[in-house]
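Protein chains in written order, with the working numbering: chain A, 1 to 450; chain D, 1 to 240.
Heads up, a few of these hints could be off.
Estimated spans, in silico, between C-beta atoms of each pair [claimed, not checked]:
{"no.": "1", "chain 1": "A", "residue 1": "R365", "chain 2": "D", "residue 2": "R194", "range": "37 to 45 Å"}
{"no.": "2", "chain 1": "D", "residue 1": "G133", "chain 2": "A", "residue 2": "I24", "range": "35 to 43 Å"}
{"no.": "3", "chain 1": "A", "residue 1": "W333", "chain 2": "D", "residue 2": "E115", "range": "53 to 61 Å"}
{"no.": "4", "chain 1": "D", "residue 1": "R120", "chain 2": "A", "residue 2": "R365", "range": "30 to 38 Å"}
{"no.": "5", "chain 1": "D", "residue 1": "P162", "chain 2": "A", "residue 2": "A440", "range": "48 to 56 Å"}
{"no.": "6", "chain 1": "D", "residue 1": "S64", "chain 2": "A", "residue 2": "W333", "range": "28 to 36 Å"}
{"no.": "7", "chain 1": "A", "residue 1": "G300", "chain 2": "D", "residue 2": "P162", "range": "23 to 31 Å"}
{"no.": "8", "chain 1": "A", "residue 1": "L5", "chain 2": "D", "residue 2": "G173", "range": "32 to 40 Å"}
Partial list, derived from the structure: chain D residues whose beta carbon lies under 7 Å from chain A [stated by the list, open to error]:
{"no.": "9", "residue": "G59"}
{"no.": "10", "residue": "A83"}
{"no.": "11", "residue": "Y85"}
{"no.": "12", "residue": "K87"}
{"no.": "13", "residue": "L96"}
{"no.": "14", "residue": "R99"}
{"no.": "15", "residue": "L100"}
{"no.": "16", "residue": "V103"}
{"no.": "17", "residue": "H129"}
{"no.": "18", "residue": "L130"}
Here are a few chain A residues that sit away from chain D, every Cβ distance over 10 Å (derived from the structure) [said to hold, decoys possible]:
{"no.": "19", "residue": "R56"}
{"no.": "20", "residue": "L128"}
{"no.": "21", "residue": "V293"}
Don't read these hints as lab results, they were simulated from the structure. Just so you know, even glycine gets a beta-carbon here, dropped at the ideal spot from N, CA and C.
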Amino acid sequence: MRWLLVKDFQILRRSPLLVALLIIYPVALALMIGFALSSPPGKPKVAFLTQVPRGRGRIHFGSQDINISSYAKDLFDSIDPIIVHSQSQAVADVRSGRVLAALIVPADIPEQIQSLVTTGVGSPTVRLILNTSDPVERQFADQAIQERLNDVEQAVSKQVLRVAVADLQRVLNGGTIQFLGQNFRLLGLRNSRALLRRAIDDLPARSSLRSALGQVVGFADLAIEGLAFASPVLGSIGTPLTVDQTDLSGQTTPAATYAATISVIFSLMLVTMLLAAGMLALEREEHAFARLVRGLVSPGALLAEKVVLAGGCAAAAALVMAAGISTFVSLEWSRFPLWVVALVLAGIAFGALGVAIGGLAREVRAASLLAFMLSLPVAFIALVPTAAVSGTLKSVLDAVAFVFPFRAALDAANNAFSGTAPGIGWPLVHLLALAVAFGALARVAVRRLV
Amino acid sequence: MSATAATRPATLAARSLTKRFGERTALREVSFEIYSGELVAIIGPNGAGKTTLLSILAGIQAPSSGEVSTPRGKVGWVPQQPAIYSKLSVAENLRLFARLEKVPDPDAAVESMLEFVELRERSGEEVGHLSGGNQQRVNVAIGLLCEPAALLLDEPSASLDPRQRERLWGFMGTLGGRGTTVAYSTHDVVEAERYADRVLVLADGELLFVGTPVELERVVGGRPRDFEAAFVRFLDEHGH
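Let's have the full structure, built from the sequences with the hints guiding it.
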C-alpha cells in the first residue's frame, strides 16, 4: 500500500490545479464562513419622517408628561436613519434604492397614544414602506425595524404603567402633586381613614354621624385593600412573563459553532468523495487496475489505499479549515485529539462511500459527477430540521440520513468541537459501521473494473 | 506441434478451458500447451475469445471450468492498452511496478529495462507525453520487470508504426532466444506468420487449430498462396 500511496501523491503533485482546488477550496470556505459568522449585521438605511410637530411629542398621563419623541433614538440604534422631510421623498428614496425602507411617524400619534392610555380607545400606527424587489433585504430591514419598534412600544408601556402605579400609591398613601406650577398635598386613603376613625372616636356615643362615618371607613378599608392589591398587579404588566428555559438535550452548540461544523464536514465530504471516487476510477482509466490486482495488490488493499489517501488528505484539510475557523468562532482546542478522531473516521466513512461510487461509475468524469451529485442531497437531507416535516417524511429522511455518513460525521465533529450533546461514542461507531458497509459495496463494485 | 517444441517442457498449459459471461460462452473446452522459448500467436476474428484466453492465462479472470497451468508468479502481462500512469515518468512507472513485484533490486531492474527498451534518455519524461509506440515499450518493459518465464501480450503491435513493430518483434525474438515463452494475440496474420513459431486459431471461443503457419497452409491445401488467404479460407471451411 505504501508504494501505491507514494504513486498517488506523485500523481497529485503533478495535478497542481486539482491540488490547489483541494487546498484553496476549504481554506476559502473557512475564511468566508468565519467572516460571515463573526461580523455583526450592518444597519439598514431607512428613511425616517416624523410628521409630529416640534414640541408636540408628549402625552399627559396622570400627574406626569411622557415625551415619546425621546424613544426615537432607541429606534435609531438598529437602523441608519436618513432624515427626510416629506412622504413623497421617503417613497422616492425607497423606490430609487437609496434606502431599504421608510418609516413614517404620523402627526396624530401622540393623540392616539394619549387616547389609548387614558380611554382604552385609539390605534397609534406608524407606516413602514419597504422595497419589495429583494426579498432577503426586505426581510432584513423588516426584522430590524419591527424588533426595535417592539422595544419602543414596551418602553412606552412601562413608562405609562410606572406613572399609573405612582399615582395609585399617592391615592393610597398621600403625597405631593404639581398642578399649574403649584404643589398640592394629597391626603391619601389611608390617612383619610385614620382621620375618620379619630373623628368617630371623638363623636358622642349616640351621634347619628357615627353610623354614616362608619360606612365611609368601611368603604375606605375596601378601597385600600383593592388598590393595595392593584399596584403590584399593574407593575407586573410591564414584564408579564419571564421564561426560565431548561433544555433536556443538555448543553447545546452555539449557532455559529454549529454552522462552522457544517461547513467543515461539508468540505470534508466533498474532498473525500471526489478524491476517492476519482482516484479509483483513474486506475481503470489508466488500464492499471487489472495489472495491479492480478497478484501485485489485492482489490481490498487497493480500496483501502484509496480510502486512506482520500480520507487522510481530506481530514488534514478539514483540520486546517477548523483551525482557521477557530480564529473567528469558538471551538474547544482542549478537545483537539477528538477533532482528529472525528475527522479521520468521517474521512474513512466518506472515503468508503467514494470508492463505492468510483467502482460503480468506472470513469473519472462520471465518478466525480456522481460523487458531487450525491453529496449535495445527502447533506441537505441530513440538515432538514426534524420539526419541519411530517411524521412519515421525517421517518424517510431519517432513514436516508442514517445510511449516509453526513449526519453521523456532523454529530461526531459537533461534539469534538464543542463538547455538546449528543456524545461522540455513538456517531463514531455509526461512522465505522458505514465505512465497513460501503467498503463491502465497493469490494463488489470493483469487480466491474477488470 | 513442431518437433522442436515438443522436446521442450510446457511453460503454459490449458485444459478444457471454458469461460462463460452469463448466457454467452466466450471460450469452449480450449486445451493447448506452449513450450519454453516458444513465440505463439493467438489469431482469430473479432470476438473469438483471444483477450479472454490471455486474461485467464494472466490470472486476471478465473475460468468457468477447466484448468490453467502457469509458472507460479513468473508470468508477465502486457495488456492491449498501456497499463501505465500517464502522470508518472518512465522511470517512476518502472520503479513503482518493480517495487510492487517485489523485485530484489528495483533500481537495478529499472536501469536494466530502460536499457532494454532503449528509453534511458527519456526516463524522466511523463509517460503521457510519449508517443503511442514508446508508451507500448514502457508497457512491455513493465511486463518484463519480474523476469517472467512466460510473457503474455494482448495485441502488442496495434498502436505501433512499421518501424516500431519491427523493433518490437526483434525484441520478442531476443526474449525467445533467452528462453522466455511469449504468447501474444494479434489481428495481423502476416505478423503471426513472420514472427510466431506456432499459431493458435480461435473462432467463437473454439480452438480450431494449433500448429505452425506452414502447417495451417498445408491444412488448407490447394495451390501455394499467402498465409492471410489460407487463414481466411481455413475459417470459411470451419463455418466462421
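Hints versus structure:
1. A:R365 / D:R194: 37 to 45 Å: With Cβ atoms ~41 Å apart, the hint holds.
2. D:G133 / A:I24: 35 to 43 Å: holds, 39 Å
3. A:W333 / D:E115: 53 to 61 Å: holds, 56 Å
4. D:R120 / A:R365: 30 to 38 Å: Taking Cβ atoms as reference, R120 (chain D) and R365 (chain A) lie about 35 Å apart, which means the hint holds.
5. D:P162 / A:A440: 48 to 56 Å: holds, 50 Å
6. D:S64 / A:W333: 28 to 36 Å: violated, 60 Å
7. A:G300 / D:P162: 23 to 31 Å: violated, 44 Å
8. A:L5 / D:G173: 32 to 40 Å: holds, 39 Å
9. G59: With Cβ-Cβ at 5 Å, under 7 Å, it holds.
10. A83: holds, 4 Å
11. Y85: holds, 5 Å
12. K87: holds, 4 Å
13. L96: holds, 5 Å
14. R99: Nearest chain A Cβ about 5 Å off; hint holds.
15. L100: Interface hint status for L100 (chain D): holds (4 Å vs cutoff 7 Å).
16. V103: violated, 11 Å
17. H129: With Cβ-Cβ at 11 Å, over 7 Å, it is violated.
18. L130: At 14 Å from the nearest chain A Cβ, L130 (chain D) fails the 7 Å test, so the hint is violated.
19. R56: holds, 81 Å
20. L128: holds, 62 Å
21. V293: violated, 8 Å
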